[in-house]
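Undergrad: Single-letter residue listing:
Protein chains: 2
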Amino acid sequence: MTKESRQWTLKSRPTGLVGPEHFELGTTQVPEPGEGEILVKSLYFSFDPTQRGWLNEGPGYMDPIQIGAPMIGSGLGQVLASGDPEFAPGDILNGTLPWQDYAVVKNEGMLPFTKVSTDFPLTWNFSVFGITTLTAYFGLREVGEIKEGDVVLISGAAGATGSAAAQLAKIHGASKVIGVAGGPEKCKWIVEEGACDAAIDYKNDDLAAKVAELAPDGVDLFYDNTGGPILDAVLLNLAEGARVVVCGGIASGYSGWEMPEGPKNYLFLILKSAKMEGFLLFTYAPKFGEAMADIGKWVQEGKLTVAETISEGLENAPATMQGLFTGKNKGKTILKVADPD
Amino acid sequence: MTKESRQWTLKSRPTGLVGPEHFELGTTQVPEPGEGEILVKSLYFSFDPTQRGWLNEGPGYMDPIQIGAPMIGSGLGQVLASGDPEFAPGDILNGTLPWQDYAVVKNEGMLPFTKVSTDFPLTWNFSVFGITTLTAYFGLREVGEIKEGDVVLISGAAGATGSAAAQLAKIHGASKVIGVAGGPEKCKWIVEEGACDAAIDYKNDDLAAKVAELAPDGVDLFYDNTGGPILDAVLLNLAEGARVVVCGGIASGYSGWEMPEGPKNYLFLILKSAKMEGFLLFTYAPKFGEAMADIGKWVQEGKLTVAETISEGLENAPATMQGLFTGKNKGKTILKVADPD
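Protein chains in written order, with the working numbering: chain A, 205 to 545; chain B, 205 to 545.
Worth double-checking, as some hints may not be accurate.
Said to hold, decoys possible - Computed cross-link-like contacts, BS3-like style, restricted to lysine-lysine with a CA-CA straight-line distance of at most 30 Å:
{"no.": "1", "chain 1": "B", "residue 1": "507", "chain 2": "A", "residue 2": "468"}
{"no.": "2", "chain 1": "A", "residue 1": "507", "chain 2": "A", "residue 2": "380"}
{"no.": "3", "chain 1": "B", "residue 1": "532", "chain 2": "A", "residue 2": "215"}
{"no.": "4", "chain 1": "B", "residue 1": "468", "chain 2": "B", "residue 2": "507"}
{"no.": "5", "chain 1": "B", "residue 1": "540", "chain 2": "A", "residue 2": "468"}
{"no.": "6", "chain 1": "A", "residue 1": "407", "chain 2": "B", "residue 2": "468"}
{"no.": "7", "chain 1": "A", "residue 1": "215", "chain 2": "B", "residue 2": "507"}
Because the hints were derived from the structure by calculation, they are not lab data.
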């Protein structure tokens, strides 16, 4: 017996800002799960800037989503029926799911499915215990080589990765954490509610002057989630031996992987013996357990929390994704599809 | 008693390509050396891309040369009279000297004066035993973390630093060395006379396609002396864990420190967990002795040599400097001013 489900497929490849016009909402018949398959009911979807990259023809760290194929994302799904002995009806799993109300899936993706705990709110799997926190953790420690006393600057500081990075920087002994966000309200928020000591408003401030004012001895560690003009401003204000962690390019979300402009001040890396380094979270998979133990401890101690912006309804998935790139949300962007049975 | 000498001073700051129009040739009266001072007769001057940076208003790793002040460079000078007990008449010293026939100087610059050996040709102090070879040595080893089997790509491969880097890459076990140079003649030269296994002609080749063809599994180590379009082409073709050594930006010599465009493909650093890192040679000063011992051994073994392009006459100093940026020279660019007495 099949089950009817709504389904979002990719209609066309965005060349700039992604939006609802690039997706199509249809229906699909979801079959009974076969051997090794699991029938899930979607509960929540996570939205992450990296999903924008999946819509480009390539190259990327995974195959691009094909036109006409279902859009996918990190999701929490309740198991309704299972041909996989590791998951039983009633379990809630965290894994890559298609943007559907119901789906038959197999545990064979880049990140294995995990059974989630019910000891804390389900959405915490995406926010404070999500891959954005892990990304900030490894980006600061392994790539940024954070040291006690560092002056740390973080772009996209009101986002999920950025707000976690600000708190983690403090936990690791940063002497000052400067956050970059868009508009006075978000700038106020990252200082008053977040872990930032000072804020830079990328929509209104003179970036190079403001960085120089707030970090007169230079920036030791720049955790860059956005790229764009702030990257050039920081390159002018690096401390000796500075580390620029290239975590993302939200500023490039408008035009795919083609940056409108590269960091023209990159030669200042020479003057300051500084580095810019990128990374993929999956590289650190062997250390995820250790990281989650640290993160769990800091959450229990009240040192680490991540705000959530939750919208509702599968029909709003593309608009929610767009919100990631238009600076609408604070903290982790989540879509609720249904309550568990 | 003073001594009359020709002297090149800085007339105006170039905003693009440096040339004779930015300097003025006059005469100056050189006094007898006082205590701690040395009267030298200039024999040879070295020309290095880094000198272009000294002409900009700043910021740089040293104070900019002022308008009206003498232009300086690495020089070999014969001591004619000395108030410094470490140097005696007849000695030949290697140090920062003004572009003059004669000058009174003090041993107080960033790099201390050294007495040079007469066991090998004087110009070797600038070519195979010069700071360009040291730069390639530390850039490859300390910043580029060169490993046996690496596919190494080198821009400015017909230059002094680049041609030394190609040979040093081979010495350190690179599986393939690809050089970038301008025009078919230089490209032939870096393969037939230099240590490159293959060449890319930045004036005529489709850069991204050629890098992909020559390094089908990606570039492990890019030693970048030039910046510009080749940097973007390599960023599209990085191997996992690649290292981009930012050694210089000759391509930016036309416009001072302002790059015409930054590397717009820098986000590929994320996909390949790669880094771009700059450095200043002076950082490694404590290891210079060790490095020179290695270099001396490789020179004796015939594994390392650096070509020289020598012009003559102090009056040609600015034109010789310009040649660094217009791709006229092979190997080390040197100007001969006079023979030793």
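Undergrad: Is the straight-line distance between the alpha-carbon of residue 468(B) and that of residue 507(B) 30 Å or less?
TA: violated (37 Å)
Undergrad: Can the restraint linking residue 407(A) and residue 468(B) be considered satisfied, given a maximum Cα separation of 30 Å?
TA: holds (22 Å)
Undergrad: Given the proposed pairing of residue 540(B) with residue 468(A), does the C-alpha separation stay at or below 30 Å?
TA: Answer violated: residue 540(B) to residue 468(A) is near 37 Å, above 30 Å.
Undergrad: Need the status of pair residue 215(A), residue 507(B): alpha-carbon distance at most 30 Å?
TA: Measuring from Cα to Cα gives roughly 59 Å; hence the hint is violated.
Undergrad: Could you grab the alpha-carbon distance between residue 507(B) and residue 468(A) and see if it respects the 30 Å cut-off?
TA: It is violated: about 37 Å lies between the C-alpha atoms, which goes past 30 Å.
Undergrad: Decide if the proposed pair is consistent with the structure: residue 507(A) and residue 380(A), CA atoms, cutoff 30 Å inclusive.
TA: Satisfied, since the Cα-Cα distance of roughly 16 Å is no more than 30 Å.
Undergrad: Given the hinted pair residue 532(B) and residue 215(A), is their Cα-Cα distance within 30 Å?
TA: Violated - the C-alpha atoms of residue 215(A) and residue 532(B) are around 53 Å apart, more than 30 Å.
Checked against the numbered hints above, the structure breaks hints 1, 3, 4, 5, 7 and satisfies the rest.
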